[in-house]
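S.K.: Assemble the whole structure, with the sequences as input and the hints as a guide.
Number of protein chains: 2
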Amino acid sequence: MKLSRLGEFALIDRIRRATPSGPGVLLGIGDDAAWVESRSGSILITSDLLIQDVHFKLQWTSLFALGHKALAVNLSDIAAMGGKPAYLILALGIPAHFKFAQVSEFYRGINSLCSKTGVVLVGGDTNVAKSFIISVCVIGHAVYRPVRRSGAQIGNDIYVTGTLGDSSLGLKLLQSGRLRSNRGFAAYLVSRHRQPTPRVVVGETIARWRLATAMIDISDGLLQDLGHICQASGLGAEIWRDKLPLSAAYRAMTGKDGVSHALNGGEDYELLFCARRRDRTRLEDLSKRAKVPITRIGRCLAAREVIRAIDGSGKPVSVPSKGYDHFRNSSRLAK
Amino acid sequence: MKLSRLGEFALIDRIRRATPSGPGVLLGIGDDAAWVESRSGSILITSDLLIQDVHFKLQWTSLFALGHKALAVNLSDIAAMGGKPAYLILALGIPAHFKFAQVSEFYRGINSLCSKTGVVLVGGDTNVAKSFIISVCVIGHAVYRPVRRSGAQIGNDIYVTGTLGDSSLGLKLLQSGRLRSNRGFAAYLVSRHRQPTPRVVVGETIARWRLATAMIDISDGLLQDLGHICQASGLGAEIWRDKLPLSAAYRAMTGKDGVSHALNGGEDYELLFCARRRDRTRLEDLSKRAKVPITRIGRCLAAREVIRAIDGSGKPVSVPSKGYDHFRNSSRLAK
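Protein sequence lines, in the order shown, are assigned to chains S and F. Here the working numbering is used: the first residue of the first sequence is 1, the next is one more, and so on. Here the working numbering is used: the first residue of the second sequence is 1, the next is one more, and so on.
Heads up, some of the hints might be wrong.
Chain copies aren't distinguished; within one or between two, either way the pair holds.
What the hints assert, rightly or not - In the DSSO-like style, the derived pairs of lysine-lysine whose C-alpha atoms are separated by at most 27 Å in a straight line are:
no. : residue 1 : residue 2
1   : K99       : K2
2   : K116      : K288
3   : K172      : K288
4   : K130      : K57
5   : K99       : K243
6   : K315      : K130
7   : K99       : K291
8   : K99       : K130
9   : K291      : K243
10  : K130      : K2
11  : K57       : K172
12  : K99       : K172
13  : K291      : K116
14  : K57       : K243
Worth flagging that the hints you see were computed from the coordinates, not collected in a lab. Since we're looking at a predicted model, the values are computed, not measured.
M.R.: Here is the structure:
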């Protein structure tokens with residue numbers, strides 16, 4: 001069967017089933033990061049591959065921003081497990097016509113986010129390639145018990161950090177070629193696409209305070225990533241359309257009812273998690289301390305793997321699920 | 001400056017100098033693997049990127065062999081530090097026209113070497129890409145003190161495991177298109193190129209018994225990789241041409257004097273290390289126990305960073321140094 005027919009998630013599932021486990025593996029394929037034992041502690045490992053013209057276009061980003069983003073998406077995976085990111089390994093395929101100044105700018109973007117998050121670049125590999133290929137592996141410490149996708153319970157609240165859909169709208173602006181200014185709402189949305197903020201401190205605090213029963217970061221769209229939590233936890237969910245956190249820029253660009261980017265747009269890199277009702281006050285406290293919005297957007301239901309969105313009066317909202325699948329969409333960048 | 005002019009090693013050196021170190025990093029950029037502290041133990045991390053038509057051609061390998069090799073080259077890096085490989089993270093860029101059976105064959109090659117070496121595939125990332133891109137990250141335990149490149153001392157013996165140049169000759173055969181049979185010397189050389197044997201047990205035992213003062217694996221050619229040891233250790237070396245371990249297949253294909261593949265051919269993935277004279281007997285013992293040839297091929301000299309090769313009568317052998325540089329050679333596969 002061709003992969004374009006099989007689809008990304010069926011492929012991952014088949015790989016997972018064909019992969020034997022082994023000693024020391026606390027959590028293998030199928031969550032945001034792997035969780036393994038080292039000699040006496042335990043570590044989290046995550047890896048992402050960013051390929052030119054699949055994940056990014058060089059004309060749409062600075063190399064500084066690209067360095068930032070390549071690291072940020074991996075930090076987001078560690079954050080989604082509640083881990084403390086520590087080490088970065090970077091393997092690059094670099095076009096031979098690149099100038100050293102370009103590579104240097106990329107590394108400045110990497111190093112800038114490293115110093116903000118306490119992560120250290122410890123090694124990697126450089127190769128020549130026809131297009132720019134960035135492979136990032138981040139190792140984190142599992143200081144607290146990692147938060148998996150599978151622990152959500154019926155009746156749990158569903159929360160999300162930050163605002164949704166900005167990155168997806170920003171990408172749409174880049175695709176349209178209508179971005180004229182480096183200021184204003186449009187520029188804000190594009191910056192959210194180019195340089196997402198990994199929620200490292202919030203993720204780690206959630207693990208420390210044991211606030212979440214399940215957690216994931218939103219890379220493929222809210223509904224799709226919520227689907228992963230529902231599938232792993234064996235339950236369903238209800239999302240309240242009118243509670244979705246939208247930025248002023250998002251509202252200005254889409255009008256009142258435009259929630260499709262918030263529901264299905266990818267690359268938010270916000271944390272999506274489920275929590276017990278009794279922890280509502282502590283989550284408000286966390287939001288204030290970390291200065292990151294944390295919004296309750298729904299609840300977990302018994303209906304297995306069914307996700308429904310409702311409006312303020314409880315009426316169902318039609319939400320065609322069309323999150324991102326790598327093999328069905330030939331490029332994340334195609335319209 | 002263009003990277004093709006700067007060269008791979010100058011680039012790595014510049015990146016290394018621009019990269020701040022941090023707490024927990026025992027050894028960062030510039031050795032076979034990074035060596036970092038985890039909560040209470042310490043781990044080794046290495047990463048390699050294999051790109052279609054840069055590092056491999058699909059018409060020259062089975063996907064099973066490619067899976068084996070992608071893991072083997074990383075295990076070789078862990079072996080070169082004397083570590084015990086434990087976990088594998090695999091990020092793939094897969095052409096959308098690939099069939100599931102092809103991906104499955106690749107994973108069978110990975111899993112086969114995993115089960116032989118006790119390594120567990122714990123996670124990764126799958127993406128669509130125009131060509132096949134394989135990013136491998138391996139985490140190992142630093143059970144014993146890792147062996148670096150920098151500890152060689154004047155008067156140390158120089159050793160190499162296995163035989164040299166087979167892989168390079170095998171690649172030449174593939175390039176020539178003159179491989180007609182799956183048997184005989186030619187097939188042996190090609191198999192050494194397609195499925196190199198990482199010297200994991202030997203590397204780990206060398207660290208356990210503290211037999212090496214410096215160690216590296218040969219990926220870019222004996223002289224070039226010995227150059228890395230000499231540079232890191234601040235000394236020179238003498239290599240004895242007539243002692244270079246050559247396979248029967250190598251001898252049959254090149255005649256008596258053809259040592260250029262053994263000296264400069266890449267992708268041997270044998271261990272090259274320096275050891276004290278007093279440990280000669282223990283190294284013979286290790287060779288017998290591990291059933292891996294370990295051959296003394298030279299000695300460390302005071303002459304800083306000068307490597308000379310001599311024949312049996314002590315006369316200098318002309319050895320144009322032309323190991324592999326990723327940015328000066330556009331592809332490892334080009335003739």
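S.K.: Run every hint past the structure and note whether it holds.
M.R.: Status of the hints after comparison with the structure:
1. K99 with K2: Only across copies: K99 and K2 sit 4 Å apart there, 38 Å inside one copy, limit 27 Å.
2. K116 with K288: For K116 and K288, only the intra-copy Cα distance (20 Å) is at most 27 Å; the inter-copy one is 51 Å.
3. K172 with K288: neither (32 Å within a copy, 64 Å between copies)
4. K130 with K57: Close inside one copy (14 Å) and across copies (14 Å); limit 27 Å.
5. K99 with K243: neither (47 Å within a copy, 42 Å between copies)
6. K315 with K130: neither (51 Å within a copy, 44 Å between copies)
7. K99 with K291: Neither: 39 Å inside a chain and 47 Å across chains, both beyond 27 Å.
8. K99 with K130: both (14 Å within a copy, 24 Å between copies)
9. K291 with K243: within (19 Å within a copy, 67 Å between copies)
10. K130 with K2: both (25 Å within a copy, 15 Å between copies)
11. K57 with K172: within (13 Å within a copy, 36 Å between copies)
12. K99 with K172: Neither way: K99 and K172 sit 29 Å apart in one copy and 31 Å across, limit 27 Å.
13. K291 with K116: within (16 Å within a copy, 49 Å between copies)
14. K57 with K243: neither (33 Å within a copy, 52 Å between copies)
Hint violations for this structure: numbers 3, 5, 6, 7, 12, 14, all remaining hints satisfied.
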